[in-house]
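Chain by chain, the residues:
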Amino acid sequence: MDDLIVKTVVRIIIPFVQLFGIYIILHGHVSPGGGFAGGTLIGTSFILYTLVFGIGPAKKKFSHRMSEFAESGGIILYLAIGVVGMVVAGSFLTNAEAGFPLGEAGSLLSGGMIPLLMIGIGIKVASTMVTLFHTLIEEETS
Amino acid sequence: MTMIEQLPVINLLALLAMALLVPLLRGRSFKTTLILGLCVLLGVLLSSILILYHVHTEGAFYYHFGGHSPVFGIELLINEFSALFTMLIIALVTLVYVYSTGDATEGIGENEYGRYYILLFILLFSMFGIIYTNDLFNTYVFMEILSITTCSIISIKRKKENYTSAFRYVMLNEIGSLSYLFGVALLYMITGYTNIELVHGAIQQSWPLYSANVVTAVAFMVVGIGFKAAIFPFHIWLPDAHAAAPNSSSAILSAIVVKVYLLILVKVIYSVYGVTIMTALNMPLIIGLIAAVGMVMGSVFAIAQKDIKRMLGYSSVAQIGYIVMGISLMSVAGLSAAFFHIVSHGLMKAALFLAAGIIIYDRKIRRVNLFDGLGFQFPVSMFVFGIAALGMIGIPITTGFIAKFNLAFATLDAGRGIFIVIIVISGLLNALYYMPVLISAFLRDNPEKQRHITFEKAPRTMLVPVVVLGILILALGIYPDLIWGLLESAVLSLQ
Amino acid sequence: MSFFQSLLDHINYLGAVALFVIGLFTVVTHGNLIKRIMGINIMGTGIFLFFVAIGNVTGGLPPIIDPAEEGGTFINPLPSVLILTGIVVVVSITVYSLSLVVRIYETYGTTDQDEIAKMIREENDND
Chain A
1 MDDLIVKTVV RIIIPFVQLF GIYIILHGHV SPGGGFAGGT LIGTSFILYT LVFGIGPAKK
61 KFSHRMSEFA ESGGIILYLA IGVVGMVVAG SFLTNAEAGF PLGEAGSLLS GGMIPLLMIG
121 IGIKVASTMV TLFHTLIEEE TS
Chain B
143 MTMIEQLPVI NLLALLAMAL LVPLLRGRSF KTTLILGLCV LLGVLLSSIL ILYHVHTEGA
203 FYYHFGGHSP VFGIELLINE FSALFTMLII ALVTLVYVYS TGDATEGIGE NEYGRYYILL
263 FILLFSMFGI IYTNDLFNTY VFMEILSITT CSIISIKRKK ENYTSAFRYV MLNEIGSLSY
323 LFGVALLYMI TGYTNIELVH GAIQQSWPLY SANVVTAVAF MVVGIGFKAA IFPFHIWLPD
383 AHAAAPNSSS AILSAIVVKV YLLILVKVIY SVYGVTIMTA LNMPLIIGLI AAVGMVMGSV
443 FAIAQKDIKR MLGYSSVAQI GYIVMGISLM SVAGLSAAFF HIVSHGLMKA ALFLAAGIII
503 YDRKIRRVNL FDGLGFQFPV SMFVFGIAAL GMIGIPITTG FIAKFNLAFA TLDAGRGIFI
563 VIIVISGLLN ALYYMPVLIS AFLRDNPEKQ RHITFEKAPR TMLVPVVVLG ILILALGIYP
623 DLIWGLLESA VLSLQ
Chain C
638 MSFFQSLLDH INYLGAVALF VIGLFTVVTH GNLIKRIMGI NIMGTGIFLF FVAIGNVTGG
698 LPPIIDPAEE GGTFINPLPS VLILTGIVVV VSITVYSLSL VVRIYETYGT TDQDEIAKMI
758 REENDND
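Chains A, B and C, in that order, are what the protein sequence lines are.
The first sequence begins at 1 in my numbering and counts up by one.
The second sequence begins at 143 in my numbering and counts up by one.
The third sequence begins at 638 in my numbering and counts up by one.
Please keep in mind that the hints were generated in silico from the structure rather than gathered at the bench.
Each residue gets a CB set at the ideal place from its N, CA and C atoms; glycine is no exception.
Errors might be hidden in some of the hints.
Simulated crosslink set (DSSO-like; lysine-lysine; CA at most 27 Å straight-line) [to be verified]: (1) K506(B) with K599(B); (2) K755(C) with K448(B); (3) K448(B) with K302(B); (4) K301(B) with K672(C); (5) K59(A) with K7(A); (6) K299(B) with K173(B); (7) K599(B) with K299(B); (8) K506(B) with K301(B); (9) K672(C) with K299(B); (10) K302(B) with K755(C); (11) K299(B) with K506(B); (12) K755(C) with K299(B); (13) K755(C) with K301(B); (14) K599(B) with K448(B); (15) K672(C) with K755(C); (16) K173(B) with K599(B); (17) K61(A) with K7(A); (18) K302(B) with K672(C); (19) K448(B) with K506(B).
In silico contact screen, one side only, chain C against chain A (beta carbon under 7 Å); selected entries [what the hints assert, rightly or not]: (20) I701; (21) L721; (22) V725; (23) V732; (24) V739.
Generate the whole structure from the sequences, applying the supplied hints.
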């Protein structure tokens with residue numbers, strides 16, 4: 001897309017979208033949203049970049065290596081936290097009994113392991129959305 | 143919790159971890175991935191046998207995720223039913239895995255070998271999840287994972303007809319899953335739980351008050367599962383899908399995946415609703431009629447097929463009719479017969495697909511009328527194919543005969559003797575399309591006019607599983623008590 | 638009058654069932670493959686609306702803990718959490734079907750079910 005207005009506006013908006021997405025991910029245990037919604041927002045910001053600037057620059061910003069790392073990293077983080085719960089307290093994904101600190105309800109640093117899980121999920125969902133979009137777009141042009 | 147009670151979750155984690163490891167091993171030779179996969183499968187098989195032994199000696203146990211109570215949390219129920227069927231599934235998949243190391247790469251591109259195995263391990267993970275879980279919504283999530291991975295396996299070969307069959311498969315499966323989810327929503331509305339045991343307790347009280355809700359929920363869930371398990375009027379996707387898949391995955395799809403959906407049907411009918419409500423709704427008669435029609439019409443359609451894999455697909459539809467008839471009898475004998483047929487049909491259909499796969503791998507022919515004289519050039523495969531085909535027809539000393547025999551007795555016990563006539567008719571129809579293949583393979587001349595037996599040129603990893611399956615079919619036919627006791631205790635653990 | 642009153646009381650459930658039926662009709666009858674995928678999404682949305690409507694408690698507050706206030710009835714948060722997972726599942730199925738439609742379009746040049754069936758029949762006749 002060669003439109004100057006669109007490119008400039010998108011360049012300004014994308015950081016705000018990503019910041020909002022990160023806010024929703026981190027506040028998953030306090031307000032509605034969580035990993036899925038926040039991850040989708042961050043993924044959408046990358047898709048917006050691809051749509052406006054083309055697939056070439058977008059692949060430089062979000063390469064195949066990074067998507068492999070993000071996808072495996074997200075799941076491995078989730079499984080690792082679950083296994084910690086299993087080893088320490090006896091069931092997969094235990095929260096308070098496994099020693100994760102539960103702060104007071106409603107503040108940001110509370111909820112035990114839930115913010116960590118949300119981060120893992122958010123990274124994975126964002127990476128999945130971007131990878132799938134890039135794969136579909138590539139097939140069309142090749 | 144002792145170590146053995148952690149084993150179910152360790153099984154699930156091991157399968158998922160193997161699926162994650164395959165892309166990371168892409169740098170090394172493909173053999174490392176195959177051997178590591180085989181080790182993981184054997185490990186899971188060993189732990190499933192240990193779980194089965196533990197459940198038999200000490201009784202069923204629950205596993206609560208996160209330690210939460212089953213009112214809001216997810217719980218796994220490990221009783222004889224889940225332990226037995228997970229063990230059988232992993233044993234059969236290990237045999238097919240060994241076979242697939244020779245053949246799965248046929249028709250798939252060079253850098254896509256790994257993808258097939260990633261999908262296979264996630265498929266196993268979801269099947270284990272469906273059988274272990276004790277929560278209705280969790281079953282839905284695992285069911286969807288299973289359907290995405292089977293669709294992906296069907297469309298992994300880049301041929302034209304694969305795409306349309308995979309698309310039809312996705313659409314029909316999705317209608318089925320969403321109907322099932324609607325049934326779960328209706329149940330949640332009247333009981334307030336999604337856990338199977340809590341729903342069972344609450345339904346007995348809500349049934350007089352909200353009977354319209356329960357009837358609608360039963361209808362949606364049975365129809366939804368019927369779409370996915372290829373019960374007769376909803377079976378349209380099955381022949382195309384199983385014919386288009388790679389050979390070893392046709393075996394897994396037809397022998398195992400469809401059975402897992404039937405196990406969900408068993409869980410829903412027996413553990414969620416219970417026999418009293420189902421009999422009050424006349425479901426045994428309705429499901430029995432649908433099963434009877436399926437048994438006959440599946441075979442009728444199979445007679446007209448020219449492609450051998452489509453023929454085997456329609457034959458699966460007929461055999462699923464047998465199993466559903468056993469489920470519909472709502473008695474211990476009927477359900478045991480249905481479980482035995484699940485096991486024996488799994489073995490026989492896997493043997494048929496794998497043996498046909500060896501011939502397709504070597505000769506690239508798939509039309510039934512080109513099978514002349516192949517018995518002399520592929521003696522081992524056609525011999526096992528013959529044993530499995532005789533088992534499908536119901537000839538004694540194969541397990542198919544024991545299954546049909548027990549099913550006939552169970553229908554007599556439940557007072558529906560008319561269905562025996564349909565079982566016999568269906569057996570004769572089975573003969574009508576299996577015997578021509580066997581006759582033309584062994585008694586006609588092949589194009590090279592060869593009359594002496596030469597050994598087939600297939601790799602050993604493909605021949606050994608086929609032979610093992612043939613031996614198992616005969617062994618279960620002669621000594622069915624090897625499994626019968628375990629199956630009956632599985633039935634009793636569901637009540 | 639009381640019929641309309643009960644209709645208005647249960648408007649959420651009626652809307653959910655209407656969406657389910659509209660989605661089902663679209664999947665079964667429409668010829669265009671992409672519209673079928675949209676039909677699946679509409680069916681899914683109907684069911685999720687049904688689930689969330691079950692969790693509604695008349696006069697309840699949103700289930701978010703505010704450290705300043707205490708007490709009050711909250712609406713049931715459990716269905717909303719279940720639906721979050723359900724939405725992700727339906728999205729992944731949609732993505733998979735869309736990639737299949739891309740392949741079908743490359744192979745056959747059209748996304749209309751009837752034309753594709755005609756092409757397949759011509760191929761089978763030529764076989």
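Structure-inconsistent hints, enumerated in ascending order:
none
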